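Q: If you're matching them up, the sequences are chains F and E in order.
Using this note's numbering, you'd call the opening residue of the first sequence number 3 and step up by one each time.
Using this note's numbering, you'd call the opening residue of the second sequence number -19 and step up by one each time.
Any given hint could be a false lead.
Said to hold, decoys possible - Restricting the straight-line Cα-Cα distance to at most 25 Å, the calculated cross-link-like pairs of lysine to aspartate or glutamate (DMTMM-like) are: (1) F:11 / F:40; (2) F:11 / E:21; (3) E:93 / E:21; (4) F:73 / F:100; (5) E:93 / E:-5; (6) E:93 / E:-2; (7) F:59 / F:40; (8) E:50 / F:61; (9) E:31 / F:100; (10) E:50 / E:-2; (11) F:72 / F:32; (12) F:11 / F:61; (13) F:73 / F:28; (14) F:11 / E:18; (15) E:50 / F:100.
Hints are computed from structural coordinates only; laboratory data are not their basis.
None of the values given here were measured: they were computed from a predicted structure.
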Amino acid sequence: NAGVTQTPKFRVLKTGQSMTLLCAQDMNHEYMYWYRQDPGMGLRLIHYSVGEGTTAKGEVPDGYNVSRLKKQNFLLGLESAAPSQTSVYFCASSYNYEQYFGPGTRLTVT
Amino acid sequence: GQQLNQSPQSMFIQEGEDVSMNCTSSSIFNTWLWYKQDPGEGPVLLIALYKAGELTSNGRLTAQFGITRKDSFLNISASIPSDVGIYFCAGPPTAKNAGNMLTFGGGTRLMVKP
Chain F
3 NAGVTQTPKF
13 RVLKTGQSMT
23 LLCAQDMNHE
33 YMYWYRQDPG
43 MGLRLIHYSV
53 GEGTTAKGEV
63 PDGYNVSRLK
73 KQNFLLGLES
83 AAPSQTSVYF
93 CASSYNYEQY
103 FGPGTRLTVT
Chain E
-19 GQQLNQSPQS
-9 MFIQEGEDVS
1 MNCTSSSIFN
11 TWLWYKQDPG
21 EGPVLLIALY
31 KAGELTSNGR
41 LTAQFGITRK
51 DSFLNISASI
61 PSDVGIYFCA
71 GPPTAKNAGN
81 MLTFGGGTRL
91 MVKP
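With the rest of the complex left out, here is chain E:
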């Protein structure tokens, strides 16, 4: 099936730095979703993208739907300690998907040093 590859797998940054991470696929996706999972909690939806080239912001977070439809990017500006967590990208496979199922990437683990 379609797979989503996230990079980097982990990153350790200084508070105040900007963060960039991406998600790529060998197949086309028509929707991209970005989630954050805090330690011991369930994933929380951050941003949803529905159109190629779309750039959407949510506070200090900005996500982009790649023009090729095979990738998406998430940027965090001026990181703070509460940004710590695992960031997942997700998208619905383009094959028959009556259940609105999602494919998830393996996640990028973000650690912030105060």
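Next comes chain F alone, as it looks inside the complex:
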């Protein structure tokens, strides 16, 4: 099992550009999450999903959209990137409270 995978690993965007981060899990988990991690801020929940076709807002959802068209995939989109979205993004999945994380995507917006 690969667990939770994320693509890409690194990305540099210019302000105003758009992109999609892909998360995939092969553990048949119902729940999936997107977090951002900034120095001194810990992990903050952006959006989450309780199952295929459902999404919900987390703590810091502004500027992001998500989709869960297939159970194994959770996409995070930035429609118009801003420098404040420079961060490391982590995806996680779970079937209970034990969340399993991907390796992260380091995004820089210039």
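Position chain E against the provided structure of chain F, taking the given hints into account.
A: Leaving out everything else, chain E in the frame of chain F:
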């Protein structure tokens, strides 16, 4: 919302020493999780605790679910250089939580001197 406070924020120890860190909350938690994050990697689940007073080990790591349900402790015995990283505690808020969401502590950064 419920917050988790971890202490110490960082610690620099000699290889071979034992390490203790804790996580506290002003509210009750029914589950405590401990994660480790290596530099440049995602957090990895170390130990999960589900019962007040529970003491669980994973190799050189031992975690305890506090009797008051408001705290948890993680101990590492005989530290080695690969123990370097950030240790996070986490738990699900007791308010309505349909998404199995977790609250994370700010982390304890551990540095080990060979």
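Q: All hints are to be evaluated individually against the structure, with a verdict given for each.
A: Results of checking the hints against the structure:
1. F:11 / F:40: 16 Å, holds
2. F:11 / E:21: 11 Å, holds
3. E:93 / E:21: The given pair, whose Cα atoms are some 21 Å apart, holds under the 25 Å limit.
4. F:73 / F:100: Between residue 73 of chain F and residue 100 of chain F the Cα gap is close to 18 Å, so the pair holds against 25 Å.
5. E:93 / E:-5: Holds, at about 6 Å.
6. E:93 / E:-2: 13 Å, holds
7. F:59 / F:40: 19 Å, holds
8. E:50 / F:61: Answer holds: residue 50 of chain E to residue 61 of chain F is near 23 Å, not above 25 Å.
9. E:31 / F:100: 15 Å, holds
10. E:50 / E:-2: 24 Å, holds
11. F:72 / F:32: Roughly 11 Å between the alpha carbons, so the hint for residue 72 of chain F and residue 32 of chain F holds.
12. F:11 / F:61: The given pair, whose Cα atoms are some 24 Å apart, holds under the 25 Å limit.
13. F:73 / F:28: 9 Å, holds
14. F:11 / E:18: 16 Å, holds
15. E:50 / F:100: Judged against 25 Å, a Cα distance of about 19 Å means the pair holds.
Of the numbered hints given earlier, the model fails none.
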